[in-house]
Every structure is written in structure tokens, then in C-alpha cells.
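Given chain A's structure and the hints, the job is docking chains B, C and D onto it.
Chains as they are written, first to last, in numbering that gives the first Met the number 0: chain A, 0 to 145; chain B, 0 to 145; chain C, 0 to 79; chain D, 0 to 79.
Honestly, the hints are just simulated from the structure, not real lab data. Be a bit skeptical, because a hint or two may be false.
Claimed, not checked - For lysine-lysine, the following DSS-like pairs were computed, each having C-alpha atoms within a straight-line distance of at most 27 Å:
#, chain 1, residue 1, chain 2, residue 2
1, B, Lys113, B, Lys59
2, A, Lys113, A, Lys59
3, A, Lys113, B, Lys113
4, A, Lys67, B, Lys113
5, A, Lys121, A, Lys67
6, B, Lys67, B, Lys121
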Amino acid sequence: MLVVTPDTIDPDALRRRLFDNAAGAYCGFEGWVRNRNDGQDVLRLEYEAYAPLAVSEGEKIIVEAATKYPHLHAHCVHRTGMLEVGDCAVWVGVSSPHRDEAFLACRYIIDEVKVRLPIWKKEYYVDGDSGWVNCERCTAHAHTVG
Amino acid sequence: MLVVTPDTIDPDALRRRLFDNAAGAYCGFEGWVRNRNDGQDVLRLEYEAYAPLAVSEGEKIIVEAATKYPHLHAHCVHRTGMLEVGDCAVWVGVSSPHRDEAFLACRYIIDEVKVRLPIWKKEYYVDGDSGWVNCERCTAHAHTVG
Amino acid sequence: MKTITVRYFAMFRERAGVSSESLRTDAATAGDVFRATRARHGSSEPLAHCKVAINDEMTDWDAPVSDGDTVLLFPPVAGG
Amino acid sequence: MKTITVRYFAMFRERAGVSSESLRTDAATAGDVFRATRARHGSSEPLAHCKVAINDEMTDWDAPVSDGDTVLLFPPVAGG
Numbered sequence: 000m001l002v003v004t005p006d007t008i009d010p011d012a013l014r015r016r017l018f019d020n021a022a023g024a025y026c027g028f029e030g031w032v033r034n035r036n037d038g039q040d041v042l043r044l045e046y047e048a049y050a051p052l053a054v055s056e057g058e059k060i061i062v063e064a065a066t067k068y069p070h071l072h073a074h075c076v077h078r079t080g081m082l083e084v085g086d087c088a089v090w091v092g093v094s095s096p097h098r099d100e101a102f103l104a105c106r107y108i109i110d111e112v113k114v115r116l117p118i119w120k121k122e123y124y125v126d127g128d129s130g131w132v133n134c135e136r137c138t139a140h141a142h143t144v145g
Numbered sequence: 000m001l002v003v004t005p006d007t008i009d010p011d012a013l014r015r016r017l018f019d020n021a022a023g024a025y026c027g028f029e030g031w032v033r034n035r036n037d038g039q040d041v042l043r044l045e046y047e048a049y050a051p052l053a054v055s056e057g058e059k060i061i062v063e064a065a066t067k068y069p070h071l072h073a074h075c076v077h078r079t080g081m082l083e084v085g086d087c088a089v090w091v092g093v094s095s096p097h098r099d100e101a102f103l104a105c106r107y108i109i110d111e112v113k114v115r116l117p118i119w120k121k122e123y124y125v126d127g128d129s130g131w132v133n134c135e136r137c138t139a140h141a142h143t144v145g
Numbered sequence: 000m001k002t003i004t005v006r007y008f009a010m011f012r013e014r015a016g017v018s019s020e021s022l023r024t025d026a027a028t029a030g031d032v033f034r035a036t037r038a039r040h041g042s043s044e045p046l047a048h049c050k051v052a053i054n055d056e057m058t059d060w061d062a063p064v065s066d067g068d069t070v071l072l073f074p075p076v077a078g079g
Numbered sequence: 000m001k002t003i004t005v006r007y008f009a010m011f012r013e014r015a016g017v018s019s020e021s022l023r024t025d026a027a028t029a030g031d032v033f034r035a036t037r038a039r040h041g042s043s044e045p046l047a048h049c050k051v052a053i054n055d056e057m058t059d060w061d062a063p064v065s066d067g068d069t070v071l072l073f074p075p076v077a078g079g
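Chain A with its partners taken away, still in its complex shape (with noise of 0.2 Å):
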């Protein structure tokens, strides 16, 4: 399942969620914000989501982990809102019996989440200015036109 939140992330009580006595291996991810990003002294993020389609394309790709790699339990929640340097915006946790699907099950869903669901990032930074990630051309006609 695939959860999107405006509160924060508990990885500790998130991860009792996947305990199973058939489980010997737990993976957990998680994404922090941190400091810096492409050369610039990054003070906060603002994580918007288009929380109905995040959650449906986030469903999805749990499934197509849970069908490649079989026997695992799977969970990921996405944050919301304004975060601080250091907060956690992104967390993934997978049990299994074996420790090699429960790496490659937590890697493929949080490279899937980054691509795939309709999350933004905007970056707010310490020089005052700010903008939204992976967006550089958004504005391009703006600046030239408008």
C-alpha cells in the first residue's frame, strides 16, 4: 500500500507493520532532505501530490513488486507539505524471506515512486530564491515571453 501525508513519517512504527515470522530479511529506504542540491544551499522542500492518482500508480507498482519478487510484504509512504532539512519525504519498507528480493523489491519501488507518481518538488533556498525540481524548462517560455 502507498500512503500520501501531510504528517510526519515514523519509520520505526511503520516498519512493525511488515514483521511476519516467515520474513528474514527486512529493506527499508528512506529519502531525507538534505542540504544541498545542484550546487545550491537548499533551507526547505515543499512536496506537492495529486494524492487520488498517487496512491493508484503507487498501488501498482507494490503490485509489480510483489509479482516479480514473490512473498514479500511491501509499504511506502510519501510526504507532503513543507519539510525541513532532514525531515523524511519518502519511506519504503519490504520483508521477505530472503534478503535479495527484499533489496531489489525496495529498490525498484522507490525508483518507480521518483519517476512514475505525480509528486513535486519545490526547493526553497537559502540565497531566497526557489524552484520546482526536474523543471528547469517549465518556465522557459514564461522568461522569454511572458
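Positioned in the frame of chain A, the structure of chains B, C and D alone reads:
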């Protein structure tokens, strides 16, 4: 750093030690005692370690990971003593600027820990039997001759 | 002519100044809707970098649009 | 003849019934010590599956042993 301990592993407290404002990615691995191995129902596990060499060999592994994947923080804790099904036997945590290094370094560390550290695992089965893992032939001579 | 509801997200919404608007258009595909609204969302991103949904289903830019559809225009995503 | 302290771990210790003992031997290498004590630790494991340390340093089975050394015999490991 690698630590060998008879105390319960607390992954949440451990991951906090890897916080770093320059880290955008965290990958954690946990090995959990599971209820089946090689077709037998497992009741509990007993880990024995030779701590001085487990720690020094663990240090080497973490230094190797940090050399292959710079800018990371890595830590590993391995339990000793009697563990029940569901208990955390080993924890590895890695934080780094990007997720690729976090996943690869975490995987490298657990793979090496499993084959290089002087740590042994005795399984106690539901049927009352017990046996040392990976040590099928350790007693072959004993059974035949002794 | 069809009536299409267009929803803008993130950078597109900021640029358009509205999160949603009604469009009278002869657009045949989702891609046509993107191009017809370029003056609103102000983007020169290639379509391949953006995503689109019609009536809350992810789809392709070639997907046909019908009268009454809601087209969601997604700028390049950046989750995680 | 040398005096070597041999330490047994896990299965080897259980089988030998002691965790450590003193050995008078003309063993030249760590591997010789393993073979000389086979009746004690009772293992038919190939040396390649086991590990050895001399004086708390991991080493190879070819490593020479000297009078006064402590040789640690490790059955196949199973961490994690």
C-alpha cells in the same frame, strides 16, 4: 563501526546516529529470525560470536564500503545469545548523499558480514532437534567414528 | 467544439494562476489540450517529460479527449 | 616440538568439550594444527569452508605457527 551485543537491537535509535544534513538517502537492512529454514520449523536461534575478531573484521568491511562508495555513514550491529522468532539478529544502516550508494553499500556490508565474521548460528527446531547452520559436515566424522 | 476541464499542477498551476479552468476547444487528444493551453501554463517542456491523466486515469498524450472530460496536466514529476 | 594453544568455537567447541587446550606438536602450519586436532573437533569439513586466526589475526591455513602461538579454529561461519 560494527558492534556485537547481547542486547536487543533498536533500529530506530541506531538510524538516528546516521543523520547528516548532507545525506539524502538512507538504506537499512535487518535480518529477522524466521520460523522456517531448510524445510524445518525453527523455534529459536542462538548466535555465538568471537567478538574481538568480529569487530575488527567488521571494521574492515565498513572501511571497504566507504572506499567503494565515498561520503557515506555506515554502522552495523550483530546480536549474540538466544533469539526468538521475529527478533532482529543483525542491523545495517547506511546514509549517503544519493540512494544508489546507500543501497549498494548496505548490500555490500550485509553480504560480507554473513561470510566473513566469526559468528555462528545454532538453530533449535520445533521437533526438539538442533543444529549449527552451514555446518552439515562438522559432525560427519563424529557420527561416523565417534 | 468540446468543453474540457483542465487541471494544472505544481509549476503549471503557479504559472496559470488557477488550479482548474474550463476550455472550449476542438482538441482531439490530450496533447492537443496541452498545446492549446501553453500560453496559460507557460511550459516549453517536451511532452515526453510531462504526464497526463484523463478523468483520474494516467494515459498517453495521444489519448482522445471527449466532451466533458477532465484533463490533468502534470509537469515533470520529482517524488522522493 | 612447539607448544600451541588451540581455541575451539561453536560446533568445534561443543565437540571438543573444551573451549581451549594446549597442544605439543610439530605442526608447521595452521592447517597442520587443524588436522592434528581433528580427533578433538571431529570435523570432516574441508579447510576451505573453515577459517583460522593466529593470535587474533585472521590468516590462511598455510600460515606458519610458532611456539607459543594461539590458533583459533573457526567452523563455517553463519552470521546474519
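Going through the hints against the structure:
1. B:Lys113 / B:Lys59: Holds, because 14 Å separates the two Cα atoms, which is no more than 27 Å.
2. A:Lys113 / A:Lys59: holds, 14 Å
3. A:Lys113 / B:Lys113: Violated, at about 31 Å.
4. A:Lys67 / B:Lys113: holds, 25 Å
5. A:Lys121 / A:Lys67: violated, 33 Å
6. B:Lys67 / B:Lys121: violated, 33 Å
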